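Chains as they are written, first to last, in the numbering used here: chain A, 1 to 488; chain B, 1001 to 1822.
Simulated from the structure, these hints should not be mistaken for lab results.
No experiment lies behind these values; they were computed from the predicted model shown.
Ideal Cβ positions, reconstructed from N, Cα and C, are used throughout, including at glycine.
Wrong hints could be hidden among the right ones.
Here are the simulated DSS-like cross-link-like pairs (lysine-lysine), alpha carbons at most 30 Å apart as the crow flies [unchecked claim]:
1. A/Lys382 x A/Lys427
2. B/Lys1743 x A/Lys294
3. A/Lys134 x A/Lys219
4. A/Lys245 x B/Lys1735
5. B/Lys1412 x A/Lys107
6. A/Lys251 x B/Lys1550
7. B/Lys1398 x B/Lys1495
8. A/Lys219 x B/Lys1703
9. B/Lys1735 x A/Lys251
10. B/Lys1524 x A/Lys107
11. B/Lys1762 x A/Lys245
12. A/Lys245 x B/Lys1703
Just a sample of chain B residues kept apart from chain A, beta carbon distances all over 10 Å, derived [what the hints assert, rightly or not]:
13. Val1085
14. Asp1101
15. Arg1123
16. Asn1158
17. Met1166
18. Thr1301
19. Lys1398
20. Gly1428
21. Glu1499
22. Arg1653
23. Glu1706
24. Gln1727
25. Lys1735
26. Met1738
27. Asp1746
28. Glu1776
In silico contact screen, one side only, chain A against chain B (beta carbon under 7 Å); selected entries [said to hold, decoys possible]:
29. Gly225
30. Pro226
31. Pro249
32. Leu257
33. Arg264
34. Asn266
35. Arg267
36. Ala281
37. Arg282
38. Leu288
39. Ala289
40. Glu298
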Amino acid sequence: MASTDCSCRGMHRRAFLADLGMGFTGLALAAMLHRDGWVRAADPTGWRPPDGKPHFPPKAKSVIWLFMNGGVSHLETFDPKPALLQYAGKSINETPFKDVQNPDKLKLARVVVLNDANGQQRNKLFPMQVGFQKSGQSGIEISDWLPHLRECVDDIAVIRSMYTTDDNHGAQTQFHTGRHMLDGEFPTLGAWVHYGLGSLNDNLPQFISMGKREYWNLKDGHYLGPAHDAVPIRVDPNNPLDYGKPERPLKADEQRLGFQLTDRLNRLRGVEYPDDPALSARIQSYELAFRMQKSLPEVLDFSQETEETKQLYGLDRPETREFGMQLLASRRLVERGVRFIQIQHGAGGAGIWDAHGGLKANHEKNCLAVDKPIAGLLKDLKRTGLLKETIVVFATEFGRTPGSQGRDGRDHHIYGFSVWMAGGGIKGGVVHGATDEIGFHAVEHRHYVTDVHATILHLLGLDSRKLEVPGRKRLDIDHGNVIREILA
Amino acid sequence: MLSLSARNGHDPPAEMVPAMRPACLVVLLLFVTETQAAEPVAVDYRRDIRPVLAERCYACHGALAQKAKLRVDSGANMLKAGVIVPGKPDDSPLLLRVSSDDEAVRMPPEGHPLKPEQIEMLRRWIEQGAKVPEDDAEEPDPRDHWAFRSVVRPELPNVQSDHLPMRNPIDRFIAYEWQRRGLVPVKPADPRILLRRVYLDLIGLPPTPEQIEAFLNDPRPDAYERVVAALLSSPHYGERWGRHFLDIWRYSEWWGLGDELRNSQRHIWHWRDWVVESLNNDVGYDEMIRQMLAADELYPTDPQKLRATGYLARPYFLFNRTTWLDEVIEHTGKGFLGLTLNCGKCHDHKYDPFTQNDYYSYRAIFEPYQIRTDLVPGEPDVMKNGIPRVFDANLDAKTFFHIRGDERNPDKDRDIKPGLPRFLAPNGLAITPVALPPEAYQPLRRPEIAETYRKPLAARLQEARNRLLSLELAVAPAGFPFTLGVVLAYQGMLKVEAEQARLEAAIADPSKAPGEYRGTVKTKESNLDSDPQAKPLPETSTGRRSALAKWMTDPSNPLTARVAVNHVWLRHFGKPLVPTIFEFGRRGQPPTHPELLDWLAAEFMAHGWSLKHLHRLIVTSSVYRLSSWQAGTENNLRIDPENRYLWRMNSTRMEAEVVRDSLLHLAGELDPTQGGPPVPMAQQETSRRRSLYLFHSHNDHNKFLETFDAPNVLECYRRTESIVPQQALALWNSKFAMTMAEKILDRLHQRQADADDAAFVKAAFEMILGVPPSGEELSVCLETLEELRKVLADVPDAERTRRARFQIVQALLNHNDFITVR
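The following block holds chain A by itself, in its conformation from the complex (with noise of 0.2 Å):
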């Protein structure tokens, strides 16, 4: 797509990268040469890059970051509409709320597909396909899908309010960047907070992502580069990242000594270069995949992990046991610093949660893999203490239509729709915004997607206009607005 960030302002922060004849790496490389003194600023406008300290006290040090793709229907998880049982199968210009469709009120949609078969309004109120409880102190209301999640309840906070402008499945990555995919492709959030936190373990990756990755959302660092996008992985301990292990079996020693090697040659060239900081850089990255390669598969064995923990997380049923199994990875990997867990719930093709037909299998489907696991999450985070100092974020493209796509579907809906937070500075039983009678239109505290962004950037003691790159220019809605009234 083209870039219409219309920068127009040179390109001062690439020249500098490539002025060091250098980027930096998926292990915070960058935090660690400043820390040694290495980065010199080439930059003609003085600009730095970050230091990796936050700019003030943080209240959470990593994120989780869970991601349901394919569009969740709020209407069958956080937002009851009894609305929509009283005007079932009415056509909503018969209904009291005919005014949702003031052709004023849809101008946020920006649409990408013309005439696309799905991406559209549909009129016909198709009542809720399940039962809500109030739950926990808090008396919030979830639906019968999600029972485990339910117990977590006054740990949550859930904004009714969101809104977006892709009516079709781009507001994936909309959902990560905050920019619709027609005007280019921007750093995810994921790449912001590794670009601008430092690291807490030299021995991970700082920013890890679990889960498949298709189409819609490949790569995070986009124009902070790729030393900024996540690393995938796997949770097998035996292969947890490409290139993870040598292809023809070694013995540890040896192939310690061939590493050993490369770095002994490496010291005796910097004599010979004292000031080259890609040497530099090199030494040290070769350093840090040595400890990568063996602390990986150490986080990913569960074998310490008590029966009781891997039930927590539904690691003994089939339905939950893939999601569970990330979930788990995630704890242990925040357990030991690593910045920004992103998870793909369901992604390729349109996304697994997309109900354009048959929402109901589908959803009480999808709820059933994902409630267990990240109910036990929220527990097992909580017991341990992590909770206090980790944001988990339940987060999706959009919501679904109100009315009825075919006779038991729901469309794609950008007009409202909810997602919801937990743990380091977030209020718990919380519910923040509103949706219209019909679930149709955010109308309370509505907030667009970047918003969610600027809220987790804040816990992280990050102030998005200081990370801002020379030549890449922000805009305000890139920044978004922190949701005040959701922090503790």
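Since the structure of chain A is provided, determine the placement of chain B on it from the hints.
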């Protein structure tokens, strides 16, 4: 050994809340102190005021535009207009306007208001008398910007250097700056280093030990020049530099969702092959531009040249024509002209004399074009092969001015004509419609295309006849000539005969050829295009694109040649002369060596825009042959730490493709086959083709190459040179790297079957790094071999040495100076 001392003596990079508090307090205190103490400090116009006005106000009230007849680009202009009253901030309209709470009044009208501290600074400046330096002057006329003035070949500086021979004018321009700045160049590079550098630079493959040997033993004074000549005539040159230009021109195989093509085109590799061939044949860069933008108008019946228009087939986007054309505008602007035309999409350009209207006029040049795939002889199925190319499909397509850049809001009253910004093309764009020869819009007229349809039909007909005959023979003895099988076979034959008749009718009158026999298949214009073959192909082309190409490649165009030599220079020296590669406008940075840039551009044009001429000049200069060594250059480092003035060579990192290709080459495994369809993802792991030929799109890219910063297909004017641990893991652990290390080991052993460890290490260094080991390096390697043998004590004797030496090969492939071009 691998302990990391980096943490010692340093604070952890991020602390949790309690630990941060004191630090935060300090910051607050500092802030308070600063504002209190700042009061008496005099405001400096040039430091504090002018940059703010330039950033936020000059676009409308400067040299570019004078809205409300106001200019604020000098103290005198502001005083004259009465927008500031020295000493009286509250009577100064400028301050009142920028600080107003009323959005209708507040300036600037777009974007954020000025920051409070900026407003405060303005207030104090006015309070303190609104002083400006004596030499304060208004902005110069934007048309006088250096890059917008024609290229004039500058005089060569009269300079001698005690340090280096002045081999060609490049040396003179560079040496002139050394002398001016008190820089002393480093020594020339070691011949082995130089040889490796120029091999990797020109063909993307390192020299073999034999080639190094031959060069070192060549006593002729022009031994190096001979190597350069040989490399430039190697077919690998086109592959190496083709990849560079494909970066700039955003080469990408097609991608979409599943089988649905959404971006670029199938068989776009024909364009890639055209690039490689054109470079190898030293087709002028100007001619390459003309062919890429308009071969369909300039050479409408030349399929070889039509491949070039793949350049414009690449930005295809199924869902949105505006996005598609925005990309064409942005990247023809950035890539060929060094102009950020894209900034004019929503508003007038803020820095260059380029209006929003100009943006849409420029778009109109491309508005009529669409894409079709022409058959290649012998393949009637365009899903299997064919040449994606452009043509003007909609001669009357209107271009609309999008109000604020919003395509949903076209200005129906504005008539947008194809054109160029006046400051660059004062005489406008000379457009002449092109009458196309009939074979161009009726490719079926080409005998080889008619044959391409005929042949498979004839085969099918023969097959149907045979089938019928054999069935008839089989049933004949039974006396029932009309079994169901025979009837069906007969009908089948009639069907093929009917098809054949249709084809022959089409060949007889190609103007009536149905969609399936046109010899070309049009690509959907959008997802709403249900019948792309419905319209006949036009008999004329608007001539807009060839007019653009002609203007772009006219020697009087100030930008094209300058931008091109800068692209080339960047890739030889690792740094461009104009740091802002795609921004030569007023917002860009000036060249480090303006005269050199102009001299190169003039020389380039004078020699038929020959890239090989340019390469030869550059790589045979003395400057190019300098070492990248920097020890003992404290004086230079103090004066020019960034090496902007090239007192040494820059070290660069191999591009992804060079890493992979070099491994293949050293292992003796490289498959030199050139051109053709890309290697599909599933075969890449075992493919031995050059990396240029691996399927590479936005969605699909080779994992190994990606680890080393393969080009971003959306925009790649300069490769990223990241250094990440995943690269170390890929070079150590991947099946590919380990297999190549194994083969390299085999080759070393084949050369010297009975080599002792020292001879082996020496040979390995020379093969992999291109230089022999120092004494210390040798002993470190020998030591490691000993240790390895101990670790491998339980390995059978016959294998032990091999296993140990394998680690040496791997360690050298992971050596900094393998991946680094010194």
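Hint check results:
Our distance criterion of 30 Å between C-alpha atoms is met by lysine 382 of chain A and lysine 427 of chain A, whose separation comes to about 14 Å. A hinted pair counts as satisfied when its Cα atoms are at most 30 Å apart, and lysine 1743 of chain B with lysine 294 of chain A qualifies at roughly 27 Å. Our distance criterion of 30 Å between C-alpha atoms is broken by lysine 134 of chain A and lysine 219 of chain A, whose separation comes to about 39 Å. A threshold of 30 Å between alpha carbons decides the hint, and for lysine 245 of chain A with lysine 1735 of chain B the separation of about 10 Å falls inside it, so the pair holds.
A distance of roughly 20 Å separates the Cα atoms of lysine 1412 of chain B and lysine 107 of chain A; the hinted pair therefore holds under the 30 Å criterion. For the proposed pair lysine 251 of chain A and lysine 1550 of chain B, the alpha carbon gap of about 64 Å is over 30 Å, so the pair is violated. With a C-alpha separation of about 44 Å, the suggested pairing of lysine 1398 of chain B with lysine 1495 of chain B is violated against the 30 Å cut-off. Distance restraint check for lysine 219 of chain A and lysine 1703 of chain B: the Cα-Cα separation of roughly 13 Å lies within the 30 Å cut-off, and the hinted pair is therefore satisfied.
The straight-line distance between the Cα atoms of lysine 1735 of chain B and lysine 251 of chain A is roughly 16 Å, inside the 30 Å bound, and the hint therefore holds. The hinted pair formed by lysine 1524 of chain B and lysine 107 of chain A meets the criterion: a straight-line CA distance of about 28 Å does not exceed 30 Å. Among the hinted pairs, lysine 1762 of chain B with lysine 245 of chain A is consistent with the structure: their alpha-carbon atoms are about 29 Å apart, no more than 30 Å. Using a Cα cut-off of 30 Å, the hinted pair lysine 245 of chain A and lysine 1703 of chain B holds, with the two alpha carbons roughly 15 Å apart.
With a cut of 10 Å on Cβ distances, valine 1085 of chain B stays outside the contact zone with chain A, its closest approach being about 32 Å. Against chain A, the non-interface label of aspartate 1101 of chain B holds: every CB pair exceeds 10 Å, the least being about 18 Å. Even its closest Cβ contact with chain A, about 23 Å, leaves arginine 1123 of chain B beyond 10 Å, as expected for a residue assigned away from the interface. The beta carbon of asparagine 1158 of chain B is kept farther than 10 Å from every beta carbon of chain A, the shortest such distance being approximately 31 Å.
With a cut of 10 Å on Cβ distances, methionine 1166 of chain B stays outside the contact zone with chain A, its closest approach being about 27 Å. Once the 10 Å rule is applied to beta carbons, threonine 1301 of chain B is consistent with being away from chain A; the minimum gap is 33 Å. Even its closest Cβ contact with chain A, about 18 Å, leaves lysine 1398 of chain B beyond 10 Å, as expected for a residue assigned away from the interface. For glycine 1428 of chain B, the requirement that its beta carbon stay farther than 10 Å from each beta carbon of chain A is met, with the minimum near 26 Å.
Listed as outside the interface, glutamate 1499 of chain B is consistent with that label: its C-beta sits roughly 34 Å from the nearest C-beta of chain A, beyond the 10 Å cut-off. Its closest Cβ contact with chain A, about 7 Å, brings arginine 1653 of chain B to no more than 10 Å, contrary to its assignment away from the interface. A beta-carbon of chain A comes within 10 Å of the beta-carbon of glutamate 1706 of chain B; the shortest separation is about 8 Å. With a cut of 10 Å on Cβ distances, glutamine 1727 of chain B falls inside the contact zone with chain A, its closest approach being about 7 Å.
Its closest Cβ contact with chain A, about 4 Å, brings lysine 1735 of chain B to no more than 10 Å, contrary to its assignment away from the interface. Methionine 1738 of chain B, annotated as away from the interface, has a beta carbon of chain A within 10 Å; the closest lies near 5 Å. Every CB of chain A lies more than 10 Å from the CB of aspartate 1746 of chain B, the least distance being 15 Å, so the non-interface label holds. Non-interface call for glutamate 1776 of chain B relative to chain A: violated, since the shortest CB-CB distance, roughly 6 Å, does not exceed 10 Å.
For the restraint placing glycine 225 of chain A at the interface with chain B, the shortest Cβ-Cβ distance is roughly 5 Å, inside the 7 Å limit, so the hint holds. For proline 226 of chain A, the interface hint holds, since its Cβ comes within 7 Å of a Cβ in chain B; the closest pair sits about 6 Å apart. A least Cβ separation of about 11 Å between proline 249 of chain A and chain B goes past the 7 Å threshold, and the interface hint is therefore violated. About 5 Å separates the beta-carbon of leucine 257 of chain A from the nearest beta-carbon of chain B, less than 7 Å, and the hint is met.
Residue-level restraint check for arginine 264 of chain A holds (minimum Cβ-Cβ distance to chain B is 5 Å; threshold 7 Å). Contact between asparagine 266 of chain A and chain B, as hinted, is supported at the beta carbon level, the nearest pair being about 5 Å apart and thus within 7 Å. Hint status for arginine 267 of chain A relative to chain B: violated, with the closest Cβ pair at about 10 Å, above 7 Å. Satisfaction of the interface hint for alanine 281 of chain A is found here, the shortest Cβ-Cβ separation to chain B being roughly 4 Å, below the 7 Å cut-off.
Because the beta carbon of arginine 282 of chain A sits about 5 Å from the nearest beta carbon in chain B, less than 7 Å, this interface hint is met. Because the smallest distance between the Cβ of leucine 288 of chain A and any Cβ of chain B comes to about 4 Å, under 7 Å, the interface hint for this residue holds. A least Cβ separation of about 4 Å between alanine 289 of chain A and chain B falls short of the 7 Å threshold, and the interface hint therefore holds. Because the smallest distance between the Cβ of glutamate 298 of chain A and any Cβ of chain B comes to about 16 Å, over 7 Å, the interface hint for this residue is violated.
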